[in-house]
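Q: Residue-level listing of the chains:
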Amino acid sequence: MNAAAVFEPIPPRPAPFRTRGAVAWVRTNLFGNVPSAVTTVVLVAFFLYQAPDLLNWLAFKAVVETNYEACQAARGTGACWGVIAEKYRFIIFGRYPFGGQWRPLVATLLMVGLLLASCTRPLWSRWLILLWAAVLAAFFTLMHGGIFGLGIVRTELWGGLPLTIMLAALSIVFAFPLAVVVALGRRSQLPAIRTFCVLYVELIRGVPLISVLFMASFMFPLFMPAGFTVDVLLRVLVGITLFAAAYMAEIVRGGLQAIPKGQHEAAASLGLSYWRTQTKIVLPQALAMVVPGIMNNFIAIFKDTSLVTIVSLYELTGSMSLALNSDANWRPFKLEGYLFISAVYFAFCFAMSRYSLWIEKQLGRSRSRNR
Amino acid sequence: MSDSIIVFDKVNKWFGDDFHVLRDIDLEVARGERIVICGPSGSGKSTLIRCINRLEEHQAGHLFVDGVELTDDVKAIEKIRREVGMVFQQFNLFPHLTVLENLTLAPMWVGRIPKKEAEERAMQQLERVKIAEQAQKFPLQLSGGQQQRVAIARALCLTPKIMLFDEPTSALDPEMIKEVLDVITGLAEQGMTMLCVTHEMGFAKAVADRVIFMDVGQIVEQNKPAEFFNNPQSERTRDFLSKILGH
Amino acid sequence: MSTPLRHPPAKREWSWRSQAFRGLVYQIVALCLIALVAWFLAHNTLENMRTRGIQSGFGFLAEPAGFDIGETMFRYESIDPYWRAFAIGVANTLRVAIIGVILTTILGTLIGIGRFSRNALVRGLCYAYVETFRNIPVLLQLLMWYILFTEVLPPIADAIGLAPGVFVSKSGMSFPLPVWETGHATAFAGLVAGAFAAWWYSRWARAQFEQTGRIRSMVLAPIGIALASAAAGWLLGGAPAALEMPVKGEVIIEGGGMLTPEFIAVLLGLVAYTAAFVAEVVRSGIQAVPYGQNEAARAIGLARGHEMRLIVLPQALRVIIPPMTNQFLNLTKNSSLAVAIGYPDVVSISNTAINQTGRAVECIAIIMAVYLTTSLLTSLFMNWFNARAAIKER
Numbered sequence: 001m002n003a004a005a006v007f008e009p010i011p012p013r014p015a016p017f018r019t020r021g022a023v024a025w026v027r028t029n030l031f032g033n034v035p036s037a038v039t040t041v042v043l044v045a046f047f048l049y050q051a052p053d054l055l056n057w058l059a060f061k062a063v064v065e066t067n068y069e070a071c072q073a074a075r076g077t078g079a080c081w082g083v084i085a086e087k088y089r090f091i092i093f094g095r096y097p098f099g100g101q102w103r104p105l106v107a108t109l110l111m112v113g114l115l116l117a118s119c120t121r122p123l124w125s126r127w128l129i130l131l132w133a134a135v136l137a138a139f140f141t142l143m144h145g146g147i148f149g150l151g152i153v154r155t156e157l158w159g160g161l162p163l164t165i166m167l168a169a170l171s172i173v174f175a176f177p178l179a180v181v182v183a184l185g186r187r188s189q190l191p192a193i194r195t196f197c198v199l200y201v202e203l204i205r206g207v208p209l210i211s212v213l214f215m216a217s218f219m220f221p222l223f224m225p226a227g228f229t230v231d232v233l234l235r236v237l238v239g240i241t242l243f244a245a246a247y248m249a250e251i252v253r254g255g256l257q258a259i260p261k262g263q264h265e266a267a268a269s270l271g272l273s274y275w276r277t278q279t280k281i282v283l284p285q286a287l288a289m290v291v292p293g294i295m296n297n298f299i300a301i302f303k304d305t306s307l308v309t310i311v312s313l314y315e316l317t318g319s320m321s322l323a324l325n326s327d328a329n330w331r332p333f334k335l336e337g338y339l340f341i342s343a344v345y346f347a348f349c350f351a352m353s354r355y356s357l358w359i360e361k362q363l364g365r366s367r368s369r370n371r
Numbered sequence: 001m002s003d004s005i006i007v008f009d010k011v012n013k014w015f016g017d018d019f020h021v022l023r024d025i026d027l028e029v030a031r032g033e034r035i036v037i038c039g040p041s042g043s044g045k046s047t048l049i050r051c052i053n054r055l056e057e058h059q060a061g062h063l064f065v066d067g068v069e070l071t072d073d074v075k076a077i078e079k080i081r082r083e084v085g086m087v088f089q090q091f092n093l094f095p096h097l098t099v100l101e102n103l104t105l106a107p108m109w110v111g112r113i114p115k116k117e118a119e120e121r122a123m124q125q126l127e128r129v130k131i132a133e134q135a136q137k138f139p140l141q142l143s144g145g146q147q148q149r150v151a152i153a154r155a156l157c158l159t160p161k162i163m164l165f166d167e168p169t170s171a172l173d174p175e176m177i178k179e180v181l182d183v184i185t186g187l188a189e190q191g192m193t194m195l196c197v198t199h200e201m202g203f204a205k206a207v208a209d210r211v212i213f214m215d216v217g218q219i220v221e222q223n224k225p226a227e228f229f230n231n232p233q234s235e236r237t238r239d240f241l242s243k244i245l246g247h
Numbered sequence: 001m002s003t004p005l006r007h008p009p010a011k012r013e014w015s016w017r018s019q020a021f022r023g024l025v026y027q028i029v030a031l032c033l034i035a036l037v038a039w040f041l042a043h044n045t046l047e048n049m050r051t052r053g054i055q056s057g058f059g060f061l062a063e064p065a066g067f068d069i070g071e072t073m074f075r076y077e078s079i080d081p082y083w084r085a086f087a088i089g090v091a092n093t094l095r096v097a098i099i100g101v102i103l104t105t106i107l108g109t110l111i112g113i114g115r116f117s118r119n120a121l122v123r124g125l126c127y128a129y130v131e132t133f134r135n136i137p138v139l140l141q142l143l144m145w146y147i148l149f150t151e152v153l154p155p156i157a158d159a160i161g162l163a164p165g166v167f168v169s170k171s172g173m174s175f176p177l178p179v180w181e182t183g184h185a186t187a188f189a190g191l192v193a194g195a196f197a198a199w200w201y202s203r204w205a206r207a208q209f210e211q212t213g214r215i216r217s218m219v220l221a222p223i224g225i226a227l228a229s230a231a232a233g234w235l236l237g238g239a240p241a242a243l244e245m246p247v248k249g250e251v252i253i254e255g256g257g258m259l260t261p262e263f264i265a266v267l268l269g270l271v272a273y274t275a276a277f278v279a280e281v282v283r284s285g286i287q288a289v290p291y292g293q294n295e296a297a298r299a300i301g302l303a304r305g306h307e308m309r310l311i312v313l314p315q316a317l318r319v320i321i322p323p324m325t326n327q328f329l330n331l332t333k334n335s336s337l338a339v340a341i342g343y344p345d346v347v348s349i350s351n352t353a354i355n356q357t358g359r360a361v362e363c364i365a366i367i368m369a370v371y372l373t374t375s376l377l378t379s380l381f382m383n384w385f386n387a388r389a390a391i392k393e394r
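Residue numbers (our numbering), protein chains in the order written: chain L, 1 to 371; chain G, 1 to 247; chain Z, 1 to 394.
Think of the hints as simulated: they come from the structure by calculation, not from any bench.
Just so you know, even glycine gets a beta-carbon here, dropped at the ideal spot from N, CA and C.
Don't take each hint at face value.
Stated by the list, open to error - Beta-carbon label-pair distances, calculated as ranges:
1. L:112 <-> Z:369: 39 to 45 Å
2. Z:214 <-> L:191: 54 to 60 Å
3. Z:30 <-> L:226: 51 to 57 Å
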């Protein structure tokens with residue numbers, strides 16, 4: 001090699017065959033090797049074979065008018081979406097009095113707006129707590145009534161989507177402080193407190209939610225002094241809150257464990273007391289870290305509210321069964337009803353899980369070195 | 001073909017459609033030659049040596065290792081990987097196996113050697129890198145420098161003809177760099193053919209037969225270390241050397 | 001000049017400024033509060049139960065139950081005592097849980113691995129499966145599977161025949177049951193013997209490999225040995241192949257084995273739901289192994305199969321098994337939702353018992369004890385596994 005030759009830089013050239021672009025993508029991802037190509041052919045053939053029937057049933061031959069005779073006639077070939085058109089108000093609002101259904105509608109929109117607002121970072125400040133208090137007050141006023149000329153609607157009649165959202169949101173909100181206290185207690189040096197917190201968490205996590213709801217609904221009245229009746233909604237809310245708090249306590253504890261010892265030592269060397277250290281140094285960092293975990297817990301609780309149907313509170317799943325069971329004409333079309341509320345749940349849960357992934361990425365970005 | 005153990009003949013490689021990472025590389029490495037490759041990040045130095053044991057595939061040109069051309073032929077690749085040892089920047093030891101098991105894995109499963117013999121060989125290599133007493137420990141129980149020395153011993157257990165080092169000391173604390181460089185220097189003195197991508201210029205001056213400077217996917221300049229450091233021919237090389245030898 | 005060794009003075013400060021003292025006071029206060037609350041609750045409960053005439057105690061378990069149960073794994077009649085009814089419930093729960101866990105593991109692992117497939121259609125389908133089944137409540141899924149069986153499938157008269165002797169209808173699935181003869185017993189004995197022989201063979205093959213370096217088949221051969229031994233046992237026992245075939249009548253199907261629609265709905269619903277979560281666990285486990293491990297394995301010349309078996313899988317399994325065990329526990333707990341469908345698991349039977357006897361506290365305590373035992377056993381297993389398999393660090 002002649003070391004004294006003058007160096008002439010070579011300009012870049014494009015690659016000899018494309019690896020990007022539609023054709024290249026199809027070649028690598030669908031026909032990459034023989035088994036892959038065979039799979040593609042089989043799957044596409046199967047899809048083409050079944051798709052016409054499925055699409056007909058879902059859309060093209062489906063009945064949309066609220067005419068149950070037409071639905072009966074189309075049974076087997078077309079879905080009966082007329083049942084949704086006919087019953088949607090009952091399904092979504094439960095047994096709430098028909099005329100006053102604007103009230104749960106407004107209340108739900110307020111609540112959903114509040115939840116969305118809580119999720120945007122710029123709004124995380126003291127005002128958020130006041131906003132929560134205000135919206136919760138408005139929610140209960142609207143739903144229950146009694147003032148401003150609104151008629152009273154007993155809690156047994158609350159149902160449908162507003163109930164689902166309310167149960168999920170309230171239980172998470174109340175479970176959160178409880179979970180933080182229990183998580184701190186579990187890491188405490190004091191054996192009595194630590195044991196109690198461990199027992200609580202392990203007991204609740206070891207049993208299904210249904211047994212906690214049974215406990216709340218059958219045993220709660222027994223726990224209260226004679227003559228003191230407890231609202232069925234409150235019982236269920238307490239049950240779900242205790243359940244959610246146990247799982248959230250574990251999530252928060254994971255975050256607390258991830259804080260390096262150096263943080264505690266630095267705070268101690270500055271003379272901060274235990275509670276000051278927790279509230280100003282440890283908890284802010286830990287909670288920011290576990291936001292994705294808490295979001296997942298919220299999604300799980302949102303799905304779990306469907307279980308209150310078993311203790312006779314008619315949230316979305318229950319109100320659907322109620323709507324169709326009581327009407328012999330529409331009863332055969334339960335499948336369409338179930339598909340409709342599945343779509344509602346899916347929309348909410350999928351959106352929330354996407355949001356949770358986005359938050360994780362944001363947090364990861366702020367902690368990695370390259371911005 | 002001369003006594004070259006590695007021959008790059010107009011080798012080109014692209015990442016995706018547009019990133020031309022290796023441009024018309026022509027390089028011959030003789031048996032027993034020690035080569036140090038340096039250059040700024042993104043210049044393609046790691047990619048170049050990873051092509052030699054087919055961890056990266058080149059799209060144009062020919063690459064010959066010990067007379068065998070590197071193509072998609074699986075048998076050829078297996079044969080070459082038995083003759084080429086590689087040491088990574090991140091060590092890549094297997095954390096669920098002890099140090100000894102890390103070393104005997106390949107001889108037993110690839111070389112079909114009985115366990116006893118494999119273990120003897122492994123202990124020999126561990127003594128060569130001066131870490132024999134850690135044989136029963138797990139990798140994560142060792143320091144960075146110790147782990148890298150184990151990684152070198154693991155590559156040596158297959159008695160390779162060529163050793164590739166991809167920035168072996170870049171992930172180490174300063175005190176540990178010397179122990180690893182000493183081991184590599186020892187290997188060089190025993191006549192092992194090696195290609196080493198590194199920023200340790202002192203090591204290059206002491207050990208290398210040839211220093212290659214790469215930038216933007218091409219070999220800009222290559223020369224004996226004395227000439228390379230004292231009399232760089234190209235402007236680019238001078239610029240690079242001033243930056244890394246300056247502080 | 002050295003001072004003689006002295007012991008530190010005993011600290012006996014009973015002042016509010018001592019940390020130890022404060023800790024003690026906090027604990028005593030907390031214990032008192034808890035005791036107070038517990039006393040309050042217990043007192044109210046006893047009072048209320050007295051006024052309502054509800055008796056307490058577990059004595060009711062010996063009384064006759066007085067209700068029928070749709071599916072029983074062992075003999076039960078309505079005059080049998082309550083404890084036997086609860087035992088049936090526990091057996092039904094375990095039946096769904098064990099079969100569910102096996103099917104979920106298989107399905108979930110396949111889907112989890114499918115997310116890494118080379119084929120984009122397979123990847124997309126696996127992703128769609130996971131997202132669909134994860135985002136719909138499990139109760140809703142169980143209800144949908146149930147009406148699929150009770151409304152979409154035809155009645156017995158028009159039962160669909162999937163294979164000779166296998167019928168699917170509104171009343172469930174019937175399948176042929178082998179008539180138990182000695183031949184089956186010998187086949188089973190052969191399988192057990194074969195398992196031992198396979199284990200012994202694996203040890204011998206491993207020792208041979210270490211001594212001479214020759215690799216012998218260590219996965220297929222043992223399986224083959226076990227199966228061959230079972231087949232030999234079957235042949236020795238007279239090769240019985242008699243099957244009791246279900247006969248489709250107009251109203252019922254006679255003979256053969258039968259799975260009720262409730263059982264199938266609960267099983268399929270739980271498996272489909274939990275498999276989505278298991279797939280995610282498997283996927284994240286495989287992704288947790290750094291790519292550098294694959295490269296190092298390839299650089300030392302290991303073949304693809306060995307790379308997977310010796311390097312990637314052991315590390316992936318360590319990350320996969322604890323959350324997977326958690327999913328198995330979730331499946332068991334979710335089986336409690338069978339009460340909404342009418343499958344007689346332990347919660348369902350307990351519900352009936354509460355309605356009949358009013359002993360809410362005792363029955364709920366029984367349910368919780370059953371599930372807590374399962375959770376405790378699983379936690380113990382997981383702790384043991386974590387301790388044994390942990391990658392040793394400094």
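Q: So which of those numbered hints doesn't the model satisfy?
A: Per hint list: single violation, 3.
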